[in-house]
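2 protein chains.
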Amino acid sequence: MAYTPSMTRLIQELSKLPGIGEKTAARLAFHILRADGGLADGLAAALKALKEQTRLCRTCHGLTEVDPCPICASGERAADVICVVEEPADLIAIERSRGFRGRYHVLQGALSPLDGVGPEDLQIGGLLQRLRGDTVREVILATNPTVEGEATALYLARLIKPLGVRVTRIAHGIPMGGDVEYADVVTLGRALDGRRDM
Amino acid sequence: MAYTPSMTRLIQELSKLPGIGEKTAARLAFHILRADGGLADGLAAALKALKEQTRLCRTCHGLTEVDPCPICASGERAADVICVVEEPADLIAIERSRGFRGRYHVLQGALSPLDGVGPEDLQIGGLLQRLRGDTVREVILATNPTVEGEATALYLARLIKPLGVRVTRIAHGIPMGGDVEYADVVTLGRALDGRRDM
Chain V
1 MAYTPSMTRL IQELSKLPGI GEKTAARLAF HILRADGGLA DGLAAALKAL
51 KEQTRLCRTC HGLTEVDPCP ICASGERAAD VICVVEEPAD LIAIERSRGF
101 RGRYHVLQGA LSPLDGVGPE DLQIGGLLQR LRGDTVREVI LATNPTVEGE
151 ATALYLARLI KPLGVRVTRI AHGIPMGGDV EYADVVTLGR ALDGRRDM
Chain H
1 MAYTPSMTRL IQELSKLPGI GEKTAARLAF HILRADGGLA DGLAAALKAL
51 KEQTRLCRTC HGLTEVDPCP ICASGERAAD VICVVEEPAD LIAIERSRGF
101 RGRYHVLQGA LSPLDGVGPE DLQIGGLLQR LRGDTVREVI LATNPTVEGE
151 ATALYLARLI KPLGVRVTRI AHGIPMGGDV EYADVVTLGR ALDGRRDM
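The listed protein sequences derive, respectively, from chains V and H.
Anchor point for the first sequence: position 181 equals 181 in the numbering used here, and the numbering is continuous, going up by one each time.
Anchor point for the second sequence: position 10 equals 10 in the numbering used here, and the numbering is continuous, going up by one each time.
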């Protein structure tokens, strides 16, 4: 005898989450068991609601509960600039910075031949569609500064430039509050390349 | 705009779990969203099942889906020795060691006057009830070697000894695979006090 069957089941389900091993899952399961029933009920209901209510915007492929999403539908957001990101989480991070008032396009991933992710697996067709007509004047590529994200940015730049749309890439360099001494060589190189007149 | 309402709700619920802050909760929520629906469904169903099926054994107050629990009901477990632990998780840890073939009693906590936990908040009455009659010959106190666990063990020892039952405390010392050099002074003191002839 170890756990009860229902405890074992919850531990197994929790272990499927990223970064949660069996020990952590057991700790969480015991916490849920000790807490009054509201915690288990609240979590179960929230999981159900997420699955039923959250979907992807058909225009930008970001998360939304209404289609088109509030950003695509908003008249207050600049329609002439589209910021391209890999994942919905990236969109949310940029929104939090309050540094961007245009619209988004979520690729739902990045090119990764080793993982079998090619252009046809990303939301690239929809992006090109949005660039037809004369509305969009700039596409900001905000994919991650990883091998995959850089390859995706290069691929998109080659595809979009011939359409006569300005293509920009977000800046990379020493993070604010970071330390030049401890920055890695690639980041330092990027910071030097991207230097600006003061 | 940040998350969708249902994402925000799931993140809030996940943040209630111990050791899970808002950032981790968001990461988990995005993972659940990206995974096929089975993960959310499986978790929600497991939470529901845990709440409906797992309860406490009325004899030992350990977790069970049947009352009395399999250990209390088993004829193969020694009925003359009871191991007293603080939490159901402690019972499971001892079961895993395969070092004990008697029965258990789960106190559901430890004495902690600062947190307002007194003897009446623990499952002590039920334990004393089980010691009436002549069946039980030994009570092993396996509460944690913390201030609260030690106080609880002392309190129980004073209560049980007058009943003519042998009261023992699990050994404390250098953990197996541990290093004498790095052991803390309290553990080292305990290890010396508890030395045995070889």
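No wet-lab data here; the hints were simulated from the structure.
Since we're looking at a predicted model, the values are computed, not measured.
Incorrect hints may have been included.
Intra- or inter-copy, both count: the list cannot distinguish identical chains.
What the hints assert, rightly or not - Listed below are the simulated DSSO-like cross-link pairs for lysine-lysine, each with C-alpha atoms no more than 27 Å apart in a straight line:
1) Lys-161 <-> Lys-51
2) Lys-161 <-> Lys-48
3) Lys-16 <-> Lys-161
4) Lys-48 <-> Lys-23
5) Lys-161 <-> Lys-23
6) Lys-51 <-> Lys-16
Status of the hints after comparison with the structure:
no.: 1; hint: Lys-161 <-> Lys-51; result: neither (38 Å within a copy, 57 Å between copies)
no.: 2; hint: Lys-161 <-> Lys-48; result: neither (43 Å within a copy, 53 Å between copies)
no.: 3; hint: Lys-16 <-> Lys-161; result: neither (42 Å within a copy, 47 Å between copies)
no.: 4; hint: Lys-48 <-> Lys-23; result: both (25 Å within a copy, 21 Å between copies)
no.: 5; hint: Lys-161 <-> Lys-23; result: neither (51 Å within a copy, 36 Å between copies)
no.: 6; hint: Lys-51 <-> Lys-16; result: both (17 Å within a copy, 20 Å between copies)
Hints 1, 2, 3, 5 from the list above are not met by this structure, while the remaining hints are.
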